[in-house]
Amino acid sequence: MLNGLWLGFFIVAAVSALAQWLVGGNAGIFAAMVESIFAMAKLSVEVMVLLFGTLTLWLGFLRIAEKAGIVEWLARALGPLFLRLMPEVPPGHPAIGLITLNFAANGLGLDNAATPIGLKAMKALQELNPSATVASNAQILFLVLNASSLTLLPVTIFMYRAQQGAPDPTLVFLPILLATSCSTIVGFLSVAVMQRLRIWDPVVLAYLLPGALILGGFMALLATMSATALAGLSSILGNLTLFGLIMLFLVIGALRKVKVYEAFVEGAKEGFDVAKNLLPYLVAMLCAIGVLRASGALDFGLDGIRHLVQWAGWDTRFVDALPTAMVKPFSGSAARAMLIETMKTSGVDSFPALVAATIQGSTETTFYVLAVYFGAVGIQRARHAVGCALLAELAGVLGAIGVCYWFFG
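Residue numbering for the sequence shown is 1 to 409, as defined by UniProt numbering.
Errors might be hidden in some of the hints.
Cβ-Cβ distance ranges computed for the label pairs, FRET-style [what the hints assert, rightly or not]: (1) Val49 to Pro130: 43 to 51 Å; (2) Leu83 to Phe218: 26 to 34 Å; (3) Lys42 to Glu127: 27 to 35 Å; (4) Glu88 to Asn3: 19 to 27 Å; (5) Lys42 to Leu233: 33 to 41 Å; (6) Ala19 to Gly375: 35 to 43 Å; (7) Asn3 to Trp311: 31 to 39 Å; (8) Gly304 to Phe243: 39 to 47 Å.
Read the hints as simulated data drawn from the structure, not as lab findings. Cβ atoms here follow ideal geometry from the backbone N, Cα and C, with glycine treated the same way.
Could you build all of it, start to finish, from the sequences and the hints given here?
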């Protein structure tokens, strides 16, 4: 899938450049494309420098949380809920702890670090699966919730915005939180309908209702605030949550007699290993998208969509963020490259860049997750996993666009 997507970028760019040269007489188009390749290769390295630091930092703190027993406590706390949502998983099974750790990594926005943990969780669930090739209900629920991209603290999005010179990298904190809530709720409810989960069970309601009430009350409060106040609140809460989580891990770790420095370094080494493997993918995708933009093909496609949106009588400012949404289901690296390219082209705090950042933080690489997670355990029949995951993806994109008009429009 990625091979075809990547090759397609270059083929479309080549056709567009030939048309501009032969029909439009633009002989300088090829020089622009070659220049774009080298510029994007340089940008890839610049982005990676900060990405190294971000992943290393947060995996270090996550290891402190593990050793302090925070993850184990979360697994025990969520045990009664998982017992009803995944009845085929026995209480205390290692899969519960791995699922919790995966959700914690996703919640921190560490999508690349969450993948190895998620694969371990999927393999643990496969041990309980009576079929070698058909996905179990528990595997489908885990995958759809994973694909819904529940991101409580999108640190990598903050990092990309900081790298592009955003004066306030955490400005998109609340929009991402609200949009990712849309994708997760829709993903969960769609699986609940397909699997006839007893969401009206008193224990399930005891977990879900407080969260729903808090989210509803919070949105009602936000509805009373101006756009300027919303942006300011998003910045304050983003920074406060970020630093508060660091202090929480450190304080609990110290109280539990964890050697916090040594634990941090141990986790940071893993972060370094995860980050260094991303550079080839980032270079490949950024260069391909740079060529696509320089050839004029991307702008041509967006202009077509823009005319349709204008014909419908809608505002068109979100159109320039759509490339991130369109490639996100197929490739995280391509979506990441599209986001960076949009920030670089339109401006890091422009409306399209803010929408693209929110989409990136509230949606997931659905087809990639399906292929990797199910492929790792030999699952061939995904059943209703694809439909539920794509429905969650659509909810995340629409939610991101709507929330950004609310906050920044």
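Evaluation of the provided hints:
1. Val49 to Pro130: 43 to 51 Å: Holds, since Val49 and Pro130 (Cβ atoms, about 48 Å apart) stay within the stated range.
2. Leu83 to Phe218: 26 to 34 Å: Holds: the Cβ-Cβ distance is about 28 Å, inside 26 to 34 Å.
3. Lys42 to Glu127: 27 to 35 Å: At 46 Å between Cβs, range violated.
4. Glu88 to Asn3: 19 to 27 Å: Violated: the Cβ-Cβ distance is about 36 Å, outside 19 to 27 Å.
5. Lys42 to Leu233: 33 to 41 Å: Roughly 36 Å apart at Cβ, these two residues keep to the hinted range, so it holds.
6. Ala19 to Gly375: 35 to 43 Å: holds, 38 Å
7. Asn3 to Trp311: 31 to 39 Å: Given about 36 Å between the Cβ atoms, the range holds.
8. Gly304 to Phe243: 39 to 47 Å: holds, 45 Å
Hint compliance for this structure: hints 3, 4 are broken, all remaining hints hold.
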